[in-house]
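Residue numbers (this note's numbering), protein chains in the order written: chain A, -3 to 563; chain B, 5 to 456.
Rather than coming from a laboratory, the hints here were simulated on the basis of the structure.
Cβ coordinates follow ideal geometry from the N, Cα and C atoms, glycine included.
One or more of the hints may lead you astray.
[Unchecked claim] Derived DEER-like restraints, expressed as beta-carbon distance ranges: (1) A:263 to B:334: 56 to 64 Å; (2) B:57 to A:52: 33 to 41 Å; (3) B:423 to A:481: 21 to 29 Å; (4) B:394 to A:65: 12 to 20 Å.
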Amino acid sequence: MKFPMKWAVSLHRQFAASILKFQQPNFTRLRLSRGLSSKAKPPVTMGAKKENSDDEMDEKVKKYLRGDAANLEGVKDKKLKGQLAVREDLYGKSAKTAAKIEKWLLPSEGGYLEAEGIEKTWRIKQESIAREVDILSSRNQYDIVLPELGPYTLDFTSNGRYMAAAGRKGHLAIVDMKTLNLIKEIQVRETVRDVAYLHNELFFAAAQKKYPYIYNREGTELHCLKEHGPVLRLQFLKNHFLLASINKFGQLRYQDVTMGEMIGNFRTGLGRTDVMQVNPFNGVVALGHSSGTVTMWKPTSSVPLVKMLCHPGPVSSLAFHPNGHLMATSGRENKIKIWDLRKFEVIQTLPCHAKTLNFSQKGLLAAGTGSFIQILADFSGSQNYSSYMTHSMAKGYQVGKVLFRPYEDILGIGHSMGWSSILIPGSGEPNFDSWVANPFETSKQRREKEVHSLLDKLPPETIMLDPTKVGTVRVPQKKEKPTKKDIEAEMEAAIETAKGTEFKKKTKGRNKPSKRATKRREMIDKAKRPFLEQQTQERETSRKKQKTNPETEMPKSLQRFVRQKAT
Amino acid sequence: MKVKVISRSTGEFTRERSQDLQRVFRNFDPTLRSQEKAVEYVRALNAAKLDKIFARPFIGAMDGHRDSIKCMAKNPNYLKAIFSGSDDGDIRLWDMASRRTVCQFPGHQGAVQGLTVSTDGSILVSCGSDCTVRLWNVSDANVADSDYLSDNSAKPQAVYVWKNAFRAVDHQWDGDLFATAGAQVDVWNHNRSQPVNTFDWGSDTTISIRFNPGEPNILATSANDRSITLYDLRMSSPARKVIMRTKTNSIAWNPMEPMNFTAANEDCNCYSYDARKLEEAKCVHKDHVSAVMDIDFSPTGREFVTGSYDRTVRIFQYNGGHSREIYHTKRMQRVFCVKYSCDASYVISGSDDTNLRLWKAKASEQLGVVLPRERKKHEYLEAVKNRYKHLPEVKRIVRHRHLPKPVYKAANLRRTMIEAERRKEQRRKAHSAPGSIMTEPVRKRRIIKEVE
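Chain B on its own, in the form it takes in the complex:
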């Protein structure tokens, strides 16, 4: 007879000294656990509620400017800093951790329309409506020398005067060229006081400009004639152009997928395009109720932040049709520029009320050092909440956001208008010969034509 009975020796299953860690044994057999799905559902519900309890996205406002803030720039080499330019010609360098001005760059006579930093972080380029482009030296030594004296001001390294007012500026990602947008698109070199190259297609002013992060010679611009134009610096003529029904206020390239860019349009939507195939938008991001003024991608390429004329800042997923998050404050007026911080944790918005606001990208994120067990717990709660977020109770809590009353009412109004249009279209279709009326897909609807 062969017999064996379960016998556990206490020594193997308990710790020897009180300094040791407790021993944990795992058996993943499903029969040991009953009603796993219901337990997970309860955890998802609690996780959604906790998320809402800990959702405090607003960190602080950076006060100092005396006029509305029109443009911002990130320094890719220095995480804590952000540059902002306002309508009275004031450019400031802010330290986000203490939310104070480190350095001021006075000099512009009119509004500062564009700010950009070179990729090595040494030169800040600013352009304004006083027809000048100014280059400032912002190497690490200057920035790290943070005395927090408000009188700390710098002198420009170079000032270039040109014929027309400028509307935007952007620096090449991997070179020393930068381009300005105004009556035409000019490409400059740091050391030359005249543009190296000029592009002109169409008769309207170009209002925004962005270089491609992957391909250093490609740039996208948007103009007042409702077009988005792609230029290649190696060719002397512009490459492609797509004309939409409404004007695009800003463009941002996806840093992780450099062939895709997203355009912030005047018709309250953002359109993501594949630069190789401009006849159809890849995705339409709808949620704003007024013109979208600025857009910036997160360095992960998975999300982007938009600021709109309707006084809200929204965060979208790169392929999501609706926003994941909305930020608003009573004091924040029209948002003109937004930036996603380089570590993908914060969002900065500059608005009409002369303040820069710092927000968390994930509203209920715990800032500071997160212990590994805490982080695992957060990841687990996130995963279990995503698994059950389609169920009605959990969905109600996860979706819930407080909207300011004007935004809420405007959104309802837009919805009824769009619904009415859609219903009319459906009825027209139903009452006409089948196939005589073709509905255009949303991704194509707003594009008028594509031009080579």
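Looking at chain A on its own, in the form it has when it is part of the complex:
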């Protein structure tokens, strides 16, 4: 994936403009503990410091280059080679500018938690954190206790501003997280198993007892999705506007929420499951089954893309890292496995209970069981997860769902007694992009964004395991069909061998020359037969191809009798 040209132009302008009115907020630069960035190390010599910063810039540039440069050695066309070389040069420049912007111009710094002395980060309690941070942030740490309305699940909008909470006994609430304002709460008087926001805060879907329903921000019921049946989990695919659901009978359904069209309806065949996650990188839906397998689905095929055996027992939860390469799964045997999705191999096995898993934007993994939540982080960047923070809630609070809030250092916990929110420094992305997700969105901006995202809505065929394959050219197959000459040559060779066979010398009057001749003819025919069959088959297929054309030219009155070929 190469950097588009338009970005280069706007990047240059932004760079120039921002330098003029550059106001760096007065945060002291500190890191997410333990040498994440080489700058935290005290410089040994000037040379070494320069080298470190060069390495850092190289890494950043690599990230923005999005893959390797094209290999121009094999290109024979000089004109094309020249054009491609110019393009590659431009991509290099854009990536360097983007890396510089990341280093100097982003307005906010990430959060961090550093332990001093013999302190360990996983011993630090939420109360001590709340004492150290400012008032606004400490407001985000709370416990909402609603004991009689059942275990709660949560969902956040993509900009982290709004939260929908659903209690099992039918309580649906929408909260504005900036002002901690309850926007609307309704009681649907039915079991609600899951809630999912659609593309913005105006619409959310609730998986109720018999069917999922779509509600407005006011609480008005907009749609009743009867086709889905009794749904256990709902997930929304942002780029494609698809609502994916898995129901009690193990049926996976994809529905396009813009036109209401049912895109896919698949029987997984692996029974009832309520473990479903969407991989945000490529849009595939992963289901965890009670046999320990994880299957990955796309809306255009009735067979799963991938079926992998992850755990000896049922898979209890599943989570995807935002970069799309890591998947965390947990089973009943109290192990969390971190998988590399490019090779489908286990990178790490952690001895940790987890009934629910979630990755944050910065790659922190939250695992919750019982009333205990553990946060794991990889400090060296080499996908080696270790314990970072822990949080235990009051006994009797059974954690149902953990969910990191986007663009904030906050973890939302839905449990049996309501929902809570705790501070996890370093989990959220500090710098948001207004065109991707804006926590400070006005209604005008929201409307514009809705229209633009509808214009950019991806067709369901673009969901694939490797999303970078879009726009690439399929390499021509090396295996060539044997030419007519080759086939003829093969036939001749077979006939020759058939002619050369020696017959058994029969006696007692059974060795008549006529019989020998017929036998010889039979051997040659037998040798010829497979080739002739192949020829007739090819002729038939070519005739069949020709036949399809006249069929489409039937008069209109006879169209309904034309046999429809199953596509």
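Using the hints provided, position chain B relative to the given structure of chain A.
Then chain B, alone, in the frame of chain A:
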């Protein structure tokens, strides 16, 4: 313990007053955006479709002449004006914005064969089949005095009569000489009534002539004996000549690369040559189905427009083998002259049906004032469409042009004929000793020889 949590103050991230602009923050990290390539592909597809929806290249026709238009001239100092000369001796000055005649220059008795304007924009030179060369005064005062009265006519500044009918005329880019083409090539001065110099190489009439924009003393001509000749005014004899298989109707020099010129040939192709190396064409531009009558380069040097006998106008890229755009109308008959406007936005074609037609150079371009955000958006859509234009769905839409039925059929016929030739050649090669039959590259195929 050192702790810091992300805390954003609303004041920093929202605007203070409603008069302020909304604040926009950017983070170009690829992990924040998923499926970028697919989104770009969808945008490319939509951009291609929108392009086709907004593609309305025809602006208007300038009506007034009473006979077919054979030649046109641009005034380099005045963007809105264009001169045209027709077969009944009528020369008109048109104002392209209002598409009306500003001034008429009557006087020629026969067809006007060539028109050219001097570089300072003061003199219009016209030559015709009545063996005369007329000079007209077209300074700014005259042109700006646009009363739109059809009776507005001017008197010629000078009339020079000579021996033979003239076929073409062109003015030097950086001097006060102009050259006419006819039985021989004559070089004239404004003030002399006889040519200053005469060149004659070969016995056939010269049918077109062009001065080099970079080197004021070099000119290229094409003659009826299928040759293209380069002359240098400082030498008394012609410099180089290349003979092709078919006659060249018109030549145009690339204003940005003055050593290259493109020749519009009778065999439906245009050939780009490097003037220093005439043994091989630089590029062959194929797409017309009938003789190419006229050619003109855009001032950017990146594109040129051709008008052909097959009633179409095509726009090619300077190094592209096939046309980027084709313009045709039911009413437009054989196109005899084309010009690219001096601001590279419009194309003017003069044809057999006595009309001059004004077209947009980029068919879906938005005319008028384009706001900076609009322009950025157009540039982005153009770039993203170019990135994915090789994919089948996008390619189908971008390539699609409606061709008039005769052109479509003629193109198919040409294609089958050329394919048949090629296949025969291949089979001959395959059935003969390897190396005995050498295929000539296309760029050389149409050249017979080069003569010093």
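I'd like to know which numbered hints this structure contradicts. Please list them from smallest to largest. 2
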